[in-house]
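**Q** Fit chain B to the supplied structure of chain A, relying on the hints for placement.
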Amino acid sequence: MATTVTSPEAEAAPAASAAQSPVRRWGPWGLGILALVAMLVLQSQLYVGQERTVAAIFMFVALAQGWNLIGGFTGYACFGQVVFFGIGGYFTAVAMVHWQVNFWTALVASGIVAALFGAVIGLPLLRLKGHYFAIATLGVAEGMREVVTNLPDLTGGGAGITIPTVGDQAPTAYLGNDGFYLLFLALAALSVLVGGLVSRNKFGFALRAINQDEDAAASMGINTTWAKVAAFSLSGFITGLVGATYAFQQAVIFPERLFSVDITVLMVVMVVIGGSGTVLGPLLGAVVLQFLSEYLRQNFTSAHTFILGVIIIIAVILIPQGAVNYFREARRTGEYSLLANVRRYRL
Amino acid sequence: MTPFLQAALYGLLQGGLLALIAVGFSLVWGVMNVVNLAHGSFVILGAYVGWEMNTKLGWDPFLAMFVSAAVLFALGYLIQRFVINLVINGPIFITLLLTFGLDLLIVQGMNIVFSGNYRSIHTGYASTGLDLGSVRVPVGRLLAFGVAVLLTVALVYLVSRTRVGTSIMATGMDRGAARLMGIRSRHVYALTFGIAAALAAVAGVMVGTVGTFSPAAAAGYTLLSFVIAVLGGLGNMYGALLGGLVIGLVDSLAGLYLPGTWVNALAFLVLVVVLIFRPSGLVGRAYYSARVEV
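Note that the protein sequences, when read in sequence, are chains A and B. Going by my numbering, the first sequence opens with residue 1, and the numbers climb by one from there. Going by my numbering, the second sequence opens with residue 1001, and the numbers climb by one from there.
Extracted from the complex, chain A is given alone in its bound form (with noise of 0.2 Å):
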């Protein structure tokens, strides 16, 4: 990117960026581009149920590349992501009922508001390192549950809230199984361009530094308190988005179902098994294992969260970094043995 040039990085290896072959530097944009046409194209082959489907992926696909930029890029297991999501639901439900504001104005307020309480907590909570951040990040999102569930004459409380989407009620008529598929591709593609521009500008590279070594990268002159909460704010600010189309899409909204732990493990686990700090990762993650899930729930209807169980226990022993990371590691060491991976980290 054009960014990356001017960027003190490339300046530092200038032979390196120009031995750069171009499909190299342009293939991955070539590709996804190709791959959103693609997903454009396969819409009209879609039943309907197949759409709803296709459209959760996407909706995966954006969350997981959301957790990405802070657990992944950074290194903080944020823990409560879906508190995110539950603000943007919240919001969005709250402005088109109380404040009869469309659904595309308060969408991207609920962005922004997502992204301003990113900025706030993440002040103080941004401090704390490891566990106790993860922690951290779950109390703040099971209390903002707690809060929206005792706040029941602005969000219905725990009986949940009903955005009108029919007749003079509606302030946005319901966009329907075609308006949510566009709509959650194009939040997936953003959250894919955001993840890809983040990699490779000179704020991917502080956002690794402080994941490798954060007194290194302070030393180096990164700023890295500013870093860490632009990143959470960044990826609240998606996470906000997802969770405010979500929020139009079910109509009806609870405080159990926007503010659920699953959600937020579920972005965990596809950026970790698919390999985060990468782009390609999550984006991977987010497909195989949704498509897994429904897969497996279409099949085996009562064992399916215990077949998932099972194949993740693999899949983490064998694969502990991630797909993409370990094809790159074995392509660059001829090293494709999985013992090997089991042998790093075993005790």
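None of these hints come from the bench; they were simulated from the model. One should not assume that every hint holds.
[Stated by the list, open to error] Example chain A residues on the side facing chain B (calculated, C-beta under 7 Å, incomplete):
{"id": "1", "residue": "V140"}
{"id": "2", "residue": "G143"}
{"id": "3", "residue": "F306"}
{"id": "4", "residue": "V316"}
[Said to hold, decoys possible] A partial selection of chain A residues facing chain B, derived with a Cβ cut-off under 7 Å:
{"id": "5", "residue": "P124"}
{"id": "6", "residue": "H131"}
{"id": "7", "residue": "Y132"}
{"id": "8", "residue": "I135"}
{"id": "9", "residue": "G139"}
{"id": "10", "residue": "E142"}
{"id": "11", "residue": "N150"}
{"id": "12", "residue": "V265"}
{"id": "13", "residue": "S302"}
{"id": "14", "residue": "G309"}
{"id": "15", "residue": "V342"}
{"id": "16", "residue": "Y345"}
{"id": "17", "residue": "R346"}
Just so you know, even glycine gets a beta-carbon here, dropped at the ideal spot from N, CA and C.
**A** Frame of chain A, contents of chain B only:
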């Protein structure tokens, strides 16, 4: 005054049980740096084993809890020895994910085998009460509280006074040095996880005796263990006891004076504030912070 006393007493009794749930979780976290997301499912699994002994063989839950503890100890030992030990040197996400996978597997397994219905373990005396002046003490809860406190104290004795316990603590502080001293860390880690699972199982049987349980409740117990372990300081056994009592008391008293479920929001606010200002917990310094990473 009487409602206050009654609520305080009830909160303390409940808090003892919560402490027993959290103490094993805290031990595993403190010694191995593993956050066991499957801890709540061990509690429920323990309750089911107790329930089976009670309904099929007619055993009293206070007898069945020994069987339940033994079964879960064996299961925990095997899980740590042959599964978690395979990834224990990885980054923190890895063990979190692994135990999340275990949790899915155990909870869904219980759903398939036992169905998702609410159950409870029946005894003739659990629902009777003692009258102490103006307050009433439910016998079942009092017994459960006694078991919880006794076991927590026994665990403290185990880790501070016995050979097995010192090797657990030594491994937690510096695994490399402990191995050089001839401690088999694979075995010690498995023992620690087994003990935690056994304690969870006993707590589960008690939960089943004084209330109801179902596979869906597992996640709630894991979350509670989180809160209590952090409040008490990780790996600090008395801290877990104190944290449990505090949460039980706050929960019960706030339930009396606050409308709705604001009390839960309050509990999480307390958790976040404690973490920000005192990450090593309420009680002293967590010994884990002195640990040398290997």
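**Q** With reference to the structure, classify each hint as holding or not holding.
**A** Verification of the hints:
no. : hint : in the structure
1   : V140 : holds (6 Å)
2   : G143 : holds (3 Å)
3   : F306 : holds (4 Å)
4   : V316 : holds (5 Å)
5   : P124 : holds (5 Å)
6   : H131 : holds (6 Å)
7   : Y132 : holds (5 Å)
8   : I135 : holds (6 Å)
9   : G139 : holds (4 Å)
10  : E142 : holds (5 Å)
11  : N150 : holds (5 Å)
12  : V265 : holds (6 Å)
13  : S302 : holds (6 Å)
14  : G309 : holds (3 Å)
15  : V342 : holds (6 Å)
16  : Y345 : holds (4 Å)
17  : R346 : holds (5 Å)
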